[in-house]
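**Q** Protein chains in written order, with our numbering: chain A, 1324 to 1446; chain B, 482 to 617; chain C, 1418 to 1554; chain D, -12 to 109.
Read the hints as simulated data drawn from the structure, not as lab findings. Backbone N, C-alpha and C fix where the C-beta goes; we use that ideal spot for every residue, glycine too. Please note that a few of the clues may not be correct.
Claimed, not checked - Straight line, CA to CA, 30 Å or less: simulated DSSO-like cross-link-like pairs of lysine-lysine:
1. A:Lys1441 / A:Lys1431
2. C:Lys1482 / C:Lys1499
3. C:Lys1524 / A:Lys1335
4. C:Lys1481 / A:Lys1441
5. C:Lys1481 / A:Lys1408
6. C:Lys1482 / A:Lys1441
7. C:Lys1477 / A:Lys1431
8. C:Lys1499 / D:Lys26
9. C:Lys1481 / A:Lys1379
10. A:Lys1431 / C:Lys1481
11. A:Lys1379 / C:Lys1484
12. A:Lys1408 / C:Lys1499
13. C:Lys1482 / A:Lys1431
14. A:Lys1441 / C:Lys1499
15. A:Lys1405 / C:Lys1499
16. D:Lys25 / C:Lys1499
17. C:Lys1499 / A:Lys1379
18. C:Lys1499 / D:Lys49
Unchecked claim - Chain A residues, not near chain C, derived (Cβ > 12 Å throughout):
19. Asp1373
20. Arg1401
21. Val1404
22. Lys1405
23. Pro1413
24. Ala1443
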Amino acid sequence: MEASKPHNTLPKQDFLKVKGRELELDRHGYLANYEDWSENVALAFAEQEDLALNDKHWEVIRFVREFYETYDTSPAIRALVKAMKEQFGPEVGNSRYLHRLFPDGPAKIATKLAGLPKPAKCL
Amino acid sequence: MQRFAIFVTKSPYDSRNAESALRFCEAAITAGHRIEQVFFYQSGVHNSSTFLDLNTDEINMCKRWSEFKLANDVPLNLCVTAAARRGIVAEDQKSKPDSNLAAAFTPVGMSEYFSALNENAKNEKDAASTIKSIQF
Amino acid sequence: MSAYLLIISTHAPYHSSFAMDAYEAALGATNVGLEVRFLFQGNGVFQLLSAQTPAGIQHKNMAKKLKALPLFDIEDIYVCSKSVALRFEAISGQNHAQNYTNEFFEKISISDELEAQIVNEQELNILMANASHILRF
Amino acid sequence: MLIQVLSNSFDLVQSYLPNSVQNDDENKERAGSVEADKKICVVLLQDGVYLYPSLVRILEEKDLNNLIDLRVLDIDWMASGLGALVSSADKSGAQTIERHLVNTQQWVALCAEHSPIMTVQD
C-alpha cells in the first residue's frame, strides 16, 4: 500500500544556532521569540547577511529594539527614519545613512538583527 | 462619467456585502462610469479563494468577480498581508507550493488603493477626473 | 481646504481585528502621501485607555501602537466626545459617569507631544462632510 | 455627503444623522465649513432596509426632511417583505415608500453625485 502523502502539515521549523542553543525562527527567517535575543543573535544574523557590525550598526539595532518596546511595532523604514531623526538629528535620521549601513534595506535587516518580527510589507 | 474605486471588506457567503459591491460595479459600468479598481481588505480577501465550493443555485463570488474582470478588465487587487493572515496565498510565495488565490486577483500592498485616491487629490480642480472611494 | 481621507475606528482593540485593520489602513494611506485624519468613535474610544496590559492574551498593546501614529505623519487625531460620555455612563451606571469621563479625557494622549482633539457632534459632522474619502472600520 | 447603511442597528445610524434642523452656525464657522450644510443622502441597503419605518418616523418627528434625503434600494426592500407590512399598517405608507425607492441605476447615480460616501455596517 502506498504511504499517504503528508501534505496537511505545518511548515517545517527553522532554527538559528547561537552558542550551542537552537533558537526558533519564523518562516521569514526572523527570530520567533523576541525574548530569545542577545547580542550573539545579532552577530549570528549579521554573519548570514555578510555584514561586519560596527558601533553605528549597534546604535541602530539598539534603537529599533527600543522602538519596538515603546510602540509594540516593528518600525517600517519611514517611521524608523523619523524616529531616529528626532533622537539623533538629521545626520543619522536619514534614509541614505541607514541604507549605507544596511544595504539590503535598513528596516528589513535591522529588525532582523534586533530579533524583531519582519515589518509588514505594505506599510 | 465618474471614476470609482471599490473597497470590499466582508467575506462572501457570511454576508451579502460583496454581492452589493459587484452589483454596484456592473450598474456603474452600464451607466458609463468607470471602476478603476476593486480592492479587497479585511475578510473581503476571501472573495478571491478558488476553494469556495457552492451549489449551482448559490452565488459563488470568486467566480462572479473573475467573470466580471474578464468582461470589464477591472483590476481586482487584494491586500497581501490581509490575505496571508487569512490563509489566502498566491503560488509564487515560496514554501507554499499550493495556491488558492484565483488568477483574476492580484496580491498588492495597501498603497495600491491609496495611490489611486492620492492621484485624485492632486487633480482636485478637475472634478471629472477625481476618483470616488466606496466601501462595502 | 486640503483633501483628506478620514478613517473612523469604531471597535474596541482586542476582540476583533477591526482596530488593527483601521490602524494599518491609515499607515498604508500616509505611505503614499495621502493626508489622513483619524477618528475614534463608538467602542473605538476604548483603544485609547492608557493602562492596557494585553500580555496575558498575547496581543500587541494597541495604546502603544497608537503612539506611533505621528511617526507615520498622522497628526490630526479626533475623539468623539459623545461616544466617551455614553460608554462611561454605561460602565458606572451611576453619577460617577462624569468623573470617569473627565478622567478619561485627562489620561488619553496619543503621545507626549500630541493631544487628541475632542470633538462634539457638529464638529464631527463637519469633519465627515469635508473629507474627500471615508473608510469606517 | 452620502451614507450607505447596511446595518439595522438604529443607534449606530442615528449617531450619524443631524439631530435637528437648528444648525449651529457658530460651530460651522469655527471649523471653516463649506460643505456641512449640504443635504445628506441616506441610502438603505441590505439589512439597512429594516430601519426604514423608524427613520421615516424620526424624520417626521424631528422635521429633518429638509436635511436628509432618504432612499431605499428597491431589490433589497422587496427581498425583506416589509412592503406588505408598511402598506397594510398605514395607507399613506405605501405612497411614501414609493417616493423613497431607488433602483440600482439610481443608486449609482446618487453615488456619482454625492461626496464623500461613507458606509455604515456592523
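**Q** State for each hint whether it applies.
**A** To see whether the hints hold, each was checked on the structure:
| no. | hint | result |
| --- | --- | --- |
| 1 | A:Lys1441 / A:Lys1431 | 6 Å, holds |
| 2 | C:Lys1482 / C:Lys1499 | 24 Å, holds |
| 3 | C:Lys1524 / A:Lys1335 | 46 Å, violated |
| 4 | C:Lys1481 / A:Lys1441 | 18 Å, holds |
| 5 | C:Lys1481 / A:Lys1408 | 20 Å, holds |
| 6 | C:Lys1482 / A:Lys1441 | 16 Å, holds |
| 7 | C:Lys1477 / A:Lys1431 | 20 Å, holds |
| 8 | C:Lys1499 / D:Lys26 | 23 Å, holds |
| 9 | C:Lys1481 / A:Lys1379 | 27 Å, holds |
| 10 | A:Lys1431 / C:Lys1481 | 21 Å, holds |
| 11 | A:Lys1379 / C:Lys1484 | 26 Å, holds |
| 12 | A:Lys1408 / C:Lys1499 | 38 Å, violated |
| 13 | C:Lys1482 / A:Lys1431 | 19 Å, holds |
| 14 | A:Lys1441 / C:Lys1499 | 38 Å, violated |
| 15 | A:Lys1405 / C:Lys1499 | 34 Å, violated |
| 16 | D:Lys25 / C:Lys1499 | 23 Å, holds |
| 17 | C:Lys1499 / A:Lys1379 | 49 Å, violated |
| 18 | C:Lys1499 / D:Lys49 | 20 Å, holds |
| 19 | Asp1373 | 29 Å, holds |
| 20 | Arg1401 | 7 Å, violated |
| 21 | Val1404 | 9 Å, violated |
| 22 | Lys1405 | 5 Å, violated |
| 23 | Pro1413 | 15 Å, holds |
| 24 | Ala1443 | 7 Å, violated |
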